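Asker: So the sequences go chain by chain: A and B. Under the numbering used here, the first residue of the first sequence is numbered 1267, with each subsequent residue one higher. Under the numbering used here, the first residue of the second sequence is numbered 20, with each subsequent residue one higher.
Treat the hints as calculated values from the structure; they're not laboratory data. Please note: incorrect hints may appear among the correct ones.
Stated by the list, open to error - Mimicking PhoX-like on lysine-lysine, the simulated pairs with C-alpha atoms at most 20 angstroms apart in a straight line are:
1. B:608 <-> A:1329
2. A:1282 <-> B:280
3. B:653 <-> B:417
Bear in mind the structure is a predicted one, so any value in this text is a computation, not a measurement.
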Amino acid sequence: MSTLDRIKNVAAELLKVDSSRVQESSRFVEDLGADSMQSIELVAAFEEEFDIEMDEDAALGVKTVGDAVGFIDKVMAEG
Amino acid sequence: MNLESYLALTPEAIKILKGNGCWSRSWSKVKVTKGFDPTRIAGTIFRGEVRIGNLEGEFVPSDGIKRYAGIFDANLHNVVIGDNCHISNVNGWLSNLIIEDNVLMENVGSIVCQGETSFGNGHAIEVLNEGGGRELKITAMTSAQTAYLSTMYRHDDALIKALNQIADNYAGGVRSHRATIGEGAKLFHCQNIVNVNIGQGAILRGIQNLKEGTIASSHDAPTFVGDGVIAKDFIIQKGAHVSDGALLSSTLIGEASKIGKQFSAENSVMFCNSEGFHSEVCSIFGGPYTVTHHRSTLLIAGMFSFFNAGSGTNQSNHMYKLGPLHQGILERGSKTGSSSYLLWPSRVGAFSAIMGKHYANFDSSDFPFSYVNEDGGQSTLVPGMNFFTVGTMRDGLKWPTRDRRKNSDKLDQLNFEVLSPYTGQKMMRGQSILLELYSGAEKGQEYVSHQGILIKRLLLKTCSRYYRLALEKYLGDVLVSRLEGNPAMVLKDLTTPPEGAEDGNSTWIDVSGLLCTQPRLNNLLEQIKAGEVTTQHALQSELEMIHDSYALDEWSWVQQAIPEVYSFESITSENLMTVLEKWKVSSNKLLNMVEMDASKEFEGTVRTGFGIDGHQSEDFEKVRGTFESNSFKKQLDEMRQAVEGNYDRSLSILNKL
């Protein structure tokens, strides 16, 4: 499964939205309704899903699903 | 005022007084000072022993209308009146009073002392636990710290006995048949004042009814008590402002506190810089900076400090049926959101934000800087998250700047630090608990439970990292401050425990605003129990010395915390470089996260309602400004620059070690 699909699944489950609503261009806050707590939970859920550790402030700066894909791919590439 | 130097009235003076409409059954009991001017008294009845000083000079109070020293239309009974007072239109009696020099009293009712009294000093109030058991004897010199010991150390009978004795001694020292109105006090349009000592420079205006109390005041911190105030069995400390229909019963109002707008308090203390408007408090231990502003808020049977109550904040202390037995603790820096509710007994960790209604009894004291949320009727905790919010940072910056106390003899000892060994120890413990909970949790588990509150399993590792980040920031803060304080230091200065400091492994406690090690406090407690500290003044001096030791003991704690947090075997210059590097990173992360939090107040849904008929962005920016021009954003930018500068200077010092 691609990074995008895994992110879509995690976001849909955590934010309790239909996975079809989660698109690459979707903004976590404005389009998917994430509040500040859920934003933190999303970071934690991505960390668990990809077994990575994300920089706290940089991760919270990620606005869209597409940004998250790029961010996580970069973290994983850096090992 | 020299009470020995009074003379009998001359026949000429009596004649003038009678001619001015004055009356006395026994003129021989009226004594005056040399140079007394009888023409300055008119329409006055003298009863009992009356002493009058020189009446000369004039006043120009805030209304700009000049008053001449003198006594006009007054009823005096057993009073000593100092030099240069203006007393006029006393509708009732001034009885059993010592009125010091330069007092202005105009259009007042009865100000009397009836029988022997201690003026509210030594009065026991049922603080924190409505059902009793924590009675505190309040005095004009009760500090937040002495009250804390009396209230919270009930397990130590000898200590409580000694502290009560100290309070009784103080009360005994002021016990008298005469109340004092202090030098330079001004009283206008007051109704009934019975058994109340009024301090120097106090201003009383439009009081309705005061009974059994002390209004401490000084010229450098005058106290104001104003319109419609009704108070009984009370202490109001220096520089406080109490007005607008406030109702006080068995209550102490601390230095520079502001109380008014029909605020009601019963069996409560609210120490320095507290604010109470509109709302109600009952049996609370309000430490320094306890703030409640909203009509629908009730604070009951709780301990607070550096606290802000949201509107509709409420707590219950009738969990069972044996009466109001239950109490709660919100550690320093906590705040409650609108309509929040807590079921006592509960204890909330320092600098936490409480939102929603909580029907579980929980203890989150191991988790400072937390969000306490309600999720589907359950209480949930997000540890550490509140450290990275704009609110916590702003609170930490604002408290020191809002210390309104002007008197040099401040009672409450305060440490304003948000990050301190107190919160540092808790974060270390909290971090360890979170990791333990994580290792014991199943992957499919949504929540884990700890001390009655739920924590999302997913957040356990994240929140432990928050604490790690805050610790790295704090340890670096102290190191940088140490290096900058002594650029010529050698490594030994950093590795050797400071002389006179407490053991770095000591437990830190928050004594209602005073942060100190438990052993240092215990040492004082032993002195009190041994009878080596027997007066309020001596106790105050000892507490000031503990306060003065903060920086020394803090460094001692940091010296042992650095190896523990970083798993260093010892402190070397290389290891300190690591601490410095981590400090720079964590400081910038904190600033970035706080900035992100602050920026939310300028984007998205916060703009709702702006631009009622269009032009939303323009309207918003005219009213709220832009984020880039916001003063807090500018402050954050300055902090970033300071981090860079401090890092460079500290690195240079470390390189020379």
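Asker: For every hint, state whether the structure bears it out.
Answerer: A quick look at each hint next to the structure:
no. : hint             : verdict
1   : B:608 <-> A:1329 : 18 angstroms, holds
2   : A:1282 <-> B:280 : 46 angstroms, violated
3   : B:653 <-> B:417  : 16 angstroms, holds
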